[in-house]
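Protein sequences, first through last, are from chains Y and P.
The first sequence begins at 1 in our numbering and counts up one residue at a time.
The second sequence begins at 1001 in our numbering and counts up one residue at a time.
These aren't lab readings, by the way, just hints derived from the structure by calculation.
None of these values were measured; they are calculated from a predicted model.
Check the hints yourself; a few may be wrong.
[Said to hold, decoys possible] With a straight-line cut-off of 20 angstroms between C-alpha atoms, the simulated SDA-like cross-links for lysine to any residue are:
{"hint": "1", "chain 1": "Y", "residue 1": "Lys256", "chain 2": "P", "residue 2": "Asn1016"}
{"hint": "2", "chain 1": "Y", "residue 1": "Lys260", "chain 2": "P", "residue 2": "Lys1015"}
{"hint": "3", "chain 1": "P", "residue 1": "Lys1013", "chain 2": "P", "residue 2": "Asn1024"}
{"hint": "4", "chain 1": "P", "residue 1": "Lys1177", "chain 2": "P", "residue 2": "Lys1270"}
{"hint": "5", "chain 1": "P", "residue 1": "Lys1270", "chain 2": "P", "residue 2": "Leu1290"}
{"hint": "6", "chain 1": "Y", "residue 1": "Lys2", "chain 2": "P", "residue 2": "Asn1016"}
{"hint": "7", "chain 1": "Y", "residue 1": "Lys253", "chain 2": "P", "residue 2": "Pro1056"}
{"hint": "8", "chain 1": "Y", "residue 1": "Lys79", "chain 2": "P", "residue 2": "Ile1253"}
{"hint": "9", "chain 1": "P", "residue 1": "Lys1125", "chain 2": "P", "residue 2": "Lys1177"}
{"hint": "10", "chain 1": "P", "residue 1": "Lys1015", "chain 2": "Y", "residue 2": "Leu240"}
{"hint": "11", "chain 1": "P", "residue 1": "Lys1093", "chain 2": "Y", "residue 2": "Ile5"}
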Amino acid sequence: MKNLIRYDLRRILKDKLVIIVTICMVALEIGVSGIFIAAFRYSAGNAIMQSKDLIFFVYSSFNYGITFMEIMLLIILSKEYTQGTIRNKIVAGYSKSEIYFSNLLTTVICCFSIFLFAFIINFVFCVSLNGFGEVNNIGTYLLKHFSQMIYILFLIVLVHFLSSTFKSIGAPLGIMIGLCIGLPNILLMLSPLSQINETAYYILMIFPQHHNVMSSLGPIMGFASFIETQQYLYYILIELGYIALMIFGGVTKYRKSDFK
Amino acid sequence: MSILLKTQKLTKKYKNQFAVDNVNVKINKGDIYGFIGQNGAGKTTFIRLITNIINPTSGSLEYHFTENKPGNISAIVETPSLFTKQTAQENLKAQFILLGKTDFTQIDELLQLVGLDNLLFDNKKKVGNFSLGMKQRLSIAVALASNPEFVVLDEPMNGLDPEGIVAIRELILKLNKEKNITFLISSHILTELSKIATRYGIIHRGKLLKEFNANELDKNQHTEVVVSSTNNLLSAMQNLAVTKYKIIDKTLIINDIEIKNSQIIAELAKNGIDVISINKIGENIEDYFLYLIGEKQNEKLN
């Protein structure tokens, strides 16, 4: 398993797409932060959104950067199936479960590394220009970030699940773009449904997106108070449930699947 | 000779079609097993089954390796499985990492072994820019990285120039003799396969038609004689002590390879029968393969 992880890490890091995406992620985060800081300064004279909120908003706002990163990841992961290099692993004697978990683990490591790299640079950029701001409740603030990280993990597992299930690029790409970009907009329109049956609305697959929309739009729209500490925990638990379900379903299907 | 691979009623079914149907194959250690079949006969599916790339619908397979280690089996299935954006050395290094090897000095040796010596001095060329023949050679090098006991090659001669075909053939023979590597090779170039194979398996429409040793081919030869008349033919056969023969119109088919053509001609002449033509049929694997497939198709028609 250790060799398999080394092999997978090498395979992903050797791909030039990783460098391109890292640069794009950093540029996107700094670019958005820069525009916001400039806009606030010139319009109101001083920043109305503090860096502590801006940093969060930039990386979580509809997760465009994360979605972009995941498209890259999907392309890299799918190459294994389209180029047939997956056969080398199977023939070398690794079980399909080992292959699945190694792929998943390396994917999570790579994505979080890119994400954290971009996050730290943006953090330094925002704080140096705009200060950090005051945090009233550090516990809730950290929980907000943590819940968003779990959401990112949810997206990574989702991409991996789609790529290992379809073993191609077309269908997973369409589904993922639909889920990450199209669904939040549909959700906003469907949000009155939560009045009819709140539990069903939350537990449905649309749930993580609801979390994302609320978390990312909260600071800018002024409804951050909508999400209480208890709700964050609720979101985290349900997202972890989805993650466990996708991993279990994914590996069960993968073990039974045939390769080209 | 001890058995390396034994399959029992190995079956792969896609929807209502059997790609591999109850196949029982036995491959001995040290064999160069020629796996023959038409396009779509089930060769690649069978190879995928024995390399665990696909799961069987039913049946089983068992390997008996001398030592239990990762990479005991190596395979090239259809197209070479290589990282096209990486160099040959990088591809081999990746395979070494996969196998848990830390000593990369063997990489150059492997490249030399498969005739890619030129890449030792040009280590920036990406695999995507290789010719099909070069990719095929590199795949073989990747397959040999684990010092396997059993190598499965699906159409290894594809895309190779005549010089390359000879080189790969000699490499297979060398590895088989010196390292006692067992090979399973599927190929359409039957004449080329017949130069190295020690044992054959013929697959047709998913079923294994026949499995035999290369030297058994001689026993399957027959003599086809076109004669001027069939009168006295029976007594001529009695005089020659031939029991296995068939007469179809004016063609006499003798299934006894011990009898020489000169003996047949002399005996027929003695009986007043002129020989218009005489040929040994089924002398090579190509003819035998076509004969077997033809027989199977006739069976189906009848």
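Please write out, lowest number first, the hints stated earlier that are contradicted by the structure.
4, 5, 6, 8, 9 and 10
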